Amino acid sequence: MNNTLIVVLGPTGVGKSAISIHLAQYYSTDIISADSRQLFRELAIGTAVPPTEDLQSVPHHFIQTRSIHDYYNVSEYETEAIALINQLFLTRNPLVLTGGSMLYIDTICKGIDDIPTVTPEIRNEVIQWYQENGLEALQQRLLSLDPEYYQIADLNNAKRLLHAVEVCQMTGKTFTSFRKNTIRTRPFRIIKIGINQQREVLYERINKRVDAMIESGLVEEARSVYPYRDLNSLNTVGYKELFAYFDGSCTLEEAVDLIKRNSRKYARKQLTWFRRDTEIQWFEPEQLEEIITYISSKVNFHQ
RNA sequence: GGUGCCAUAGCUCAGUUGGUAGAGCAAUGGACUGAAAAUCCAUGUGUCCCUGGUUCAAAUCCAGGUGGCACCA
Numbered sequence: 001m002n003n004t005l006i007v008v009l010g011p012t013g014v015g016k017s018a019i020s021i022h023l024a025q026y027y028s029t030d031i032i033s034a035d036s037r038q039l040f041r042e043l044a045i046g047t048a049v050p051p052t053e054d055l056q057s058v059p060h061h062f063i064q065t066r067s068i069h070d071y072y073n074v075s076e077y078e079t080e081a082i083a084l085i086n087q088l089f090l091t092r093n094p095l096v097l098t099g100g101s102m103l104y105i106d107t108i109c110k111g112i113d114d115i116p117t118v119t120p121e122i123r124n125e126v127i128q129w130y131q132e133n134g135l136e137a138l139q140q141r142l143l144s145l146d147p148e149y150y151q152i153a154d155l156n157n158a159k160r161l162l163h164a165v166e167v168c169q170m171t172g173k174t175f176t177s178f179r180k181n182t183i184r185t186r187p188f189r190i191i192k193i194g195i196n197q198q199r200e201v202l203y204e205r206i207n208k209r210v211d212a213m214i215e216s217g218l219v220e221e222a223r224s225v226y227p228y229r230d231l232n233s234l235n236t237v238g239y240k241e242l243f244a245y246f247d248g249s250c251t252l253e254e255a256v257d258l259i260k261r262n263s264r265k266y267a268r269k270q271l272t273w274f275r276r277d278t279e280i281q282w283f284e285p286e287q288l289e290e291i292i293t294y295i296s297s298k299v300n301f302h303q
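Position 98 of the first sequence, counting from 1, maps to 98 under the working numbering, and the rest follow consecutively.
Hints were generated in silico from the structure; no laboratory data involved.
If you're wondering where the values come from, they're calculated on a predicted model, not measured in any experiment.
For each residue, glycine too, the CB sits at the ideal point set by N, CA and C.
Heads up, a few of these hints could be off.
Claimed, not checked - PhoX-like cross-link-like pairs, simulated, lysine-lysine; straight-line CA separation at most 25 Å:
#1 LYS159 / LYS269
#2 LYS110 / LYS240
#3 LYS173 / LYS192
#4 LYS110 / LYS159
#5 LYS208 / LYS110
#6 LYS159 / LYS240
#7 LYS265 / LYS208
#8 LYS159 / LYS173
#9 LYS298 / LYS159
#10 LYS159 / LYS208
Unchecked claim - Label-pair restraints from in silico Cβ distances:
#11 PRO116 / GLU289: 24 to 30 Å
#12 GLU279 / ARG229: 24 to 30 Å
#13 GLU80 / ASN124: 22 to 28 Å
#14 LEU143 / PRO116: 32 to 38 Å
#15 PHE301 / ARG199: 17 to 23 Å
#16 HIS22 / LEU155: 30 to 36 Å
#17 ASP54 / LEU143: 32 to 38 Å
#18 THR185 / GLU125: 21 to 27 Å
#19 GLU80 / ILE292: 41 to 47 Å
#20 TYR228 / GLU286: 38 to 44 Å
#21 THR52 / ALA244: 26 to 32 Å
#22 TYR228 / THR52: 58 to 64 Å
#23 ALA244 / THR185: 42 to 48 Å
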């Protein structure tokens with residue numbers, strides 16, 4: 001098995017895109033995005049989609065391919081991305097996967113259990129029931145539907161409980177019965193490259209990048225999707241803060257500061273997730289040569 | 001120059017009739033199975049501006065000083 005997926009991961013703003021493009025050019029290959037927000041074509045500036053030149057110089061997949069109005073989830077991503085990866089391997093090797101959405105990356109590397117997709121009717125029904133009856137009632141409902149999951153569930157996290165209840169409600173089976181937690185072995189090798197740098201430097205980069213986004217017209221971009229603010233796809237850093245400004249509940253300056261702060265928080269959360277993954281080999285953003293050396297030490301593409 | 005108000009955690013501020021201090025935000029750590037840039041959880045020692053006084057005991061009362069704000073000249 002020589003097919004290799006090079007996974008470039010790291011916190012937001014660290015410079016993953018630049019490294020991925022260099023790697024893709026070096027190996028004459030494509031980039032598959034693992035970014036849950038760059039998927040949406042209406043969101044370009046605020047999600048830091050690479051500039052047009054970069055997108056033209058290297059083929060990118062899963063960038064700007066969906067609308068904010070489309071329903072999308074990790075499972076769909078897994079199905080589509082794995083199919084594409086297998087197809088691309090017929091003509092090229094290695095491939096580069098890059099992005100900051102932790103769950104999306106893990107889904108490609110390890111798979112995710114088959115859980116039936118909840119219909120909008122059931123979802124709305126359960127959400128409405130929750131809004132009328134509250135968290136405690138939701139916990140009790142889960143306890144009666146799936147006591148096993150109740151034992152391990154994060155009982156304050158309504159989103160998790162809601163999903164478990166939805167699945168039970170729809171299928172008549174317990175949520176636990178779908179949670180096999182089986183790791184899928186992929187028909188390709190995976191090399192994980194983590195990019196990180198000193199926290200202060202990273203934060204400074206993030207702050208500057210937000211200023212640059214504002215200069216590039218983020219306010220206008222956010223205003224154009226403002227009417228659809230309740231969509232899940234717009235519960236996104238860079239947009240939700242500007243919606244508050246449009247509402248008149250804060251100044252533009254305050255909104256921009258909040259975008260910076262929330263981006264930093266996001267970066268921290270990403271690092272928390274990645275920290276437990278011992279397969280990741282970490283590098284600084286300038287260490288392109290070292291990265292290529294490391295990859296070469298793991299696999300030889302010219303045999 | 002005079003008078004009044006204020007000074008407590010990185011920031012904004014609570015702090016009852018004196019018993020050596022605690023919220024929100026920030027920051028940091030953690031969780032994570034179809035909303036994941038989402039959602040949830042945990043972590044609070046700081047010359048209570050300085051000096052002196054009263055008191056068994058002062059962030060708290062008194063005097064002076066320093067800095068800020070407001071008003072009057």
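Structure-based check of each hint:
1. This hinted pair checks out: LYS159 and LYS269 have alpha carbons roughly 18 Å apart, not beyond 25 Å.
2. Between the alpha carbons of LYS110 and LYS240 the distance comes to roughly 31 Å, so the proposed pair goes past 25 Å and is violated.
3. A hinted pair counts as satisfied when its Cα atoms are at most 25 Å apart, and LYS173 with LYS192 does not qualify at roughly 37 Å.
4. The suggested pairing of LYS110 with LYS159 holds, with an alpha-carbon distance near 23 Å, which does not exceed 25 Å.
5. For the hint linking LYS208 to LYS110, the alpha-carbon distance of about 35 Å lies beyond 25 Å, and the restraint is violated.
6. Between LYS159 and LYS240 the alpha-carbon distance is near 19 Å, which keeps this suggested pair within the 25 Å criterion.
7. For the suggested pair LYS265 and LYS208, the alpha carbons sit about 15 Å apart, so the restraint of at most 25 Å is met.
8. The straight-line distance between the Cα atoms of LYS159 and LYS173 is roughly 19 Å, inside the 25 Å bound, and the hint therefore holds.
9. Note on LYS298 and LYS159: the hinted pairing is violated, with a Cα-Cα distance of about 41 Å set against a maximum of 25 Å.
10. With a CA separation close to 33 Å, the supplied pair LYS159 and LYS208 exceeds the 25 Å bound.
11. Taken as a hint, the range 24 to 30 Å is violated for the pair PRO116 and GLU289, whose Cβ atoms sit roughly 47 Å apart.
12. Distance hint check for GLU279 and ARG229: the Cβ-Cβ separation is about 38 Å, which falls outside the suggested range of 24 to 30 Å.
13. At roughly 26 Å, the beta-carbon separation of GLU80 and ASN124 lies within the given 22 to 28 Å, and the hint holds.
14. Look at LEU143 against PRO116: about 21 Å separates their beta carbons, and that is not inside 32 to 38 Å.
15. Our hint of 17 to 23 Å for PHE301 and ARG199 is violated, since their Cβ atoms are close to 35 Å apart.
16. Between HIS22 and LEU155, the C-beta spacing of about 46 Å breaks the proposed range 30 to 36 Å.
17. A hinted range of 32 to 38 Å for the beta carbons of ASP54 and LEU143 is inconsistent with their spacing of about 51 Å.
18. A beta carbon spacing of about 38 Å between THR185 and GLU125 contradicts the range 21 to 27 Å that was offered as a hint.
19. The hinted range of 41 to 47 Å is not satisfied by GLU80 and ILE292, whose Cβ atoms lie roughly 29 Å apart.
20. Checked against the hint of 38 to 44 Å, the C-beta distance between TYR228 and GLU286 comes to roughly 40 Å, which is consistent with it.
21. Evaluation of the 26 to 32 Å hint for THR52 and ALA244 yields a pass: the beta carbon distance comes to about 30 Å.
22. Separation of TYR228 from THR52 is about 25 Å and departs from the stated range, judged on CB atoms against 58 to 64 Å.
23. A hinted range of 42 to 48 Å holds for the C-beta pair ALA244 and THR185, which are about 45 Å apart.
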